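Peer 1: All chains should be built: construct the whole structure from the sequences, respecting the hints.
From first to last, the protein sequence lines are chains S and Z. The numbers in numbering that gives the first Met the number 0 rise by one with no breaks, and the one at position 66 of the first sequence is 65. The numbers in numbering that gives the first Met the number 0 rise by one with no breaks, and the one at position 694 of the second sequence is 693.
It cannot be assumed that every hint is accurate.
Stated by the list, open to error - Quick partial rundown of chain Z residues pointing at chain S, CB under 7 Å, derived from the structure: (1) GLU476; (2) SER483; (3) PRO605.
Claimed, not checked - So the derived list for chain S, only partly shown, Cβ under 10 Å to chain Z, looks like this: (4) ALA2; (5) MET31; (6) THR52; (7) ALA53; (8) GLU83; (9) ARG94; (10) ALA106.
Hint data in this document are derived by calculation from the structure and do not stem from the laboratory. Remember, predicted model here, so these are calculated numbers, not experimental data. Glycine is no exception: its CB is placed at the ideal position from the N, C-alpha and C atoms.
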Amino acid sequence: MSAFMKPHSAAGWATLLLAVIIILLGLPLLYMGAELAFLGGSLYYVVCGLVVTAAGVLMAMGRPLGGLLYLGACAFTWLWAFWEVGLDGWGLLPRVFGPTILAIGVALCLPVLRRAEHARTTNVREVA
Amino acid sequence: MMSNTTMLRTLLLGATIIAGTAGVTALAQVPPADQPPGNGNATVSPGTPTPPTDAFSPPSPNAPQAPGVNAANIPDGPPAEPSEATPMVEQVTANPAHDDWPGYGRDDRATRFSPLDQITPSNVSHLKRAFIYHTGSKPAPGQVNKWAAETTPIKVGDGLYMCSAMNDMMRIDPATGKEVWHFHANEKYDSIPYTAACKAVVYYTSSTVPEGEHCHHRILEATLDERLIEVDSEDGKVCEGFGWHGMVNLMKGMGESVPGFVAETAPPPIVNGAIITNQEILDGQRRWAPSGVIRGYDAETGRFLWAWDVNRPHEHGEPKEGEHYSRGTPNSWAAMIGDNALGLVYVPTGNSAADYYSAMRSPEENKVSSAVVAIDVKTGEPRWVFQTVHKDVWDYDIGSQPTLMDFTKPDGSSVPALIMPTKRGQTFVLDRRTGEPVLPVEERPAPSPGMVPGDTRAPTQPWSVGMPRLGFAPLKEADMWGMSPIDQLYCRLKYRRAHYVGEFTPPSIDKPWLEYPGYNGGSDWGSVAYDEKTGILIANWNNTPMYDQLVSRKKADKLGLMPVDDPNYKPGGGGAEGAGAMAETPYGIVVSPFWDEYTGMMCNRPPYGMITAIDMHTQKVLWQHPLGSARANGPFGLPTHLPLTIGTPNNGGPVITAGGLIFVAATTDNMIHAFDIHTGREVWNDVLPGGGQATPMTYEYKGKQYVAIMAGGHHFMMTPVTDDLVVYALDNVN
Chain S
0 MSAFMKPHSA AGWATLLLAV IIILLGLPLL YMGAELAFLG GSLYYVVCGL
50 VVTAAGVLMA MGRPLGGLLY LGACAFTWLW AFWEVGLDGW GLLPRVFGPT
100 ILAIGVALCL PVLRRAEHAR TTNVREVA
Chain Z
0 MMSNTTMLRT LLLGATIIAG TAGVTALAQV PPADQPPGNG NATVSPGTPT
50 PPTDAFSPPS PNAPQAPGVN AANIPDGPPA EPSEATPMVE QVTANPAHDD
100 WPGYGRDDRA TRFSPLDQIT PSNVSHLKRA FIYHTGSKPA PGQVNKWAAE
150 TTPIKVGDGL YMCSAMNDMM RIDPATGKEV WHFHANEKYD SIPYTAACKA
200 VVYYTSSTVP EGEHCHHRIL EATLDERLIE VDSEDGKVCE GFGWHGMVNL
250 MKGMGESVPG FVAETAPPPI VNGAIITNQE ILDGQRRWAP SGVIRGYDAE
300 TGRFLWAWDV NRPHEHGEPK EGEHYSRGTP NSWAAMIGDN ALGLVYVPTG
350 NSAADYYSAM RSPEENKVSS AVVAIDVKTG EPRWVFQTVH KDVWDYDIGS
400 QPTLMDFTKP DGSSVPALIM PTKRGQTFVL DRRTGEPVLP VEERPAPSPG
450 MVPGDTRAPT QPWSVGMPRL GFAPLKEADM WGMSPIDQLY CRLKYRRAHY
500 VGEFTPPSID KPWLEYPGYN GGSDWGSVAY DEKTGILIAN WNNTPMYDQL
550 VSRKKADKLG LMPVDDPNYK PGGGGAEGAG AMAETPYGIV VSPFWDEYTG
600 MMCNRPPYGM ITAIDMHTQK VLWQHPLGSA RANGPFGLPT HLPLTIGTPN
650 NGGPVITAGG LIFVAATTDN MIHAFDIHTG REVWNDVLPG GGQATPMTYE
700 YKGKQYVAIM AGGHHFMMTP VTDDLVVYAL DNVN
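Peer 2: What follows is the structure in structure tokens.
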């Protein structure tokens, strides 16, 4: 379990919680998205599910790359949503609303992840 | 100030939004229903133990009618020969008094247009509740809610007349709501079919009883337990000269049945002295359900006049002793409309029994199902038929009442025409004399031969290409919706797991199929309103697909599906609009809304309900927008309290007034709305105590204009049920 971050503060715990939520949301996207792709539907979900799950795992490991990956996935989601439904408000709602709320959380967690990474690299150096 | 519960719900909702699994939106209140079993699950593999089939067998279609099905024990007498009606005097609906609303659709043409103009877009904000009248009919504690009153009162002179959901009739004071009399129909709960509803009573002026005598002016209704009842309009006492102590038994000649299988919920029209009756037969029960026969009775005496029985086309008398009207024939449950000048009644028909399987239907049935049939009210002979769906297996039975109009052709000539809205959202305009389309109708290729062995689909279907379509383009995967990517993905999966090749996707067994438009319309029983002076037609309609699957007989048995007249039937064991046994056919049917059954939200994107204004001179849409707000709907059945106009499913028609307003309730936000007819802008609304699933009406009394709406709710639309008739008037008029 040493790969995962060990929170020492409220912000740390919040980051870990967010990471777990992102994993829990990414896995069904990946699983159901694979079935959808298999049935000839949109490929977005399986790809996005994979990226989001990976982002959540990396975040749980205290890697800023995870947060950046999630933000990237969110930005890509916006582009994809515009491509699929244009500027239609009702159409955009399910596609971008929840992911963007989460993205705000992820952005707020980036400093925590940076600190965690910094601490880890320092620890590694000390051990070495 | 929010209540604790509201606050908790708001918090919960907020939490789910943050979690990304929920969002703001609102939705379709559609009921819980059994879900289609899915890919490969509609059959039972050989060797699997299944319940004994004899438990799922309905009685013989030729079994005699059990006592008690004739609810009031009305003595039947010998089978009657055809006869002709007592000549009729002109009725109040022929030329309604300025202040009155004397019939269900106001007049003989069902225009739902009132010449009243006291209330206008500029003063409608002063519209306040004048009174609430309680009909006294709602579910008792412990009773399954099957209520949806759907009632529109009528107003003639000094009286406001209406029926309750369980067929009590009453006269109330138009100014105060005080009850003048109350006729008790003494109906049993068992007699409720799919829904306890009574759309309206009928006002009839006698040609034989002189003015001033009892029953010169009468109030007529057709009941859930299959009676015609006439009472005096002044005292509410039965008309002894009509039938047997004021009643006629409509179960006579119907053969084997049980209470609740056959019912009347629509007002029977009186055409040239003939009361015309149709009846709702519970959907999805068995192939040999009771007959859809259309009958005429003398409005003066209740004497039988004729029958139009699809599979006994040239026998217009009552069936001989021991025989019955032909079973399983298309039933008509919509409000019909008469035509005194042409001597016709226009019957919007439904489907043969066992809606989703057509291989056992006779050629005669195939000609007249889901059609408009014009019947000669003197003889019962059909004069013409116009079919709106060929070999219907989608429950596209016509729910709307036709509206009559004079159509001006480009060459300036006038055609007596009939507007027939349908669940498909195709609105047909026909010549009343011949049934020929006045506006072009095209036969377009439809998916065929279908996927059910031995049950081929029609190669073409009719499209009313001359009228704007009350519907949208076929669904795409990208039209799937939800609150978050996850439930949207779930709906995309449901979409991909089903058969769907656009409208008329044929029924299937191997996996579910998508039915779009769904069986709630397009246009359902609310019908349309039409202003003859301006030529503006107003229609409110639905956009709610269905997700259906045929299941093998063994699977249907396993699901416990049995027809309502099976001795082992238990309520809840297969309803009219959900799963149905379709006994005596090879398949049962599972029907559900196309929704996310976990959140209770529809799978397609909003809107789910619309209102459209069409200029009938040019057949162009004047304006069209979503109808109904998100306030009372939302994920997990929670109200969002958001005033967003999302467009909700709706049942109940519109009303047009000369004041330039449209009044319509119908939506699942439990509101009544007023729109400016010229702009389509919502200029007023009010939250009703229950669901407004009824058509409003308006009348003037002692110089004051009133607007009445039955806020009876609707069990299927999951709106609150009440027994409240809510009546509004301007608070700045005395």
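Peer 1: Which of the stated hints cannot be reconciled with the structure, identified by number in ascending sequence?
Peer 2: Hint check: 4, 6, 7 and 10 fail, others pass.
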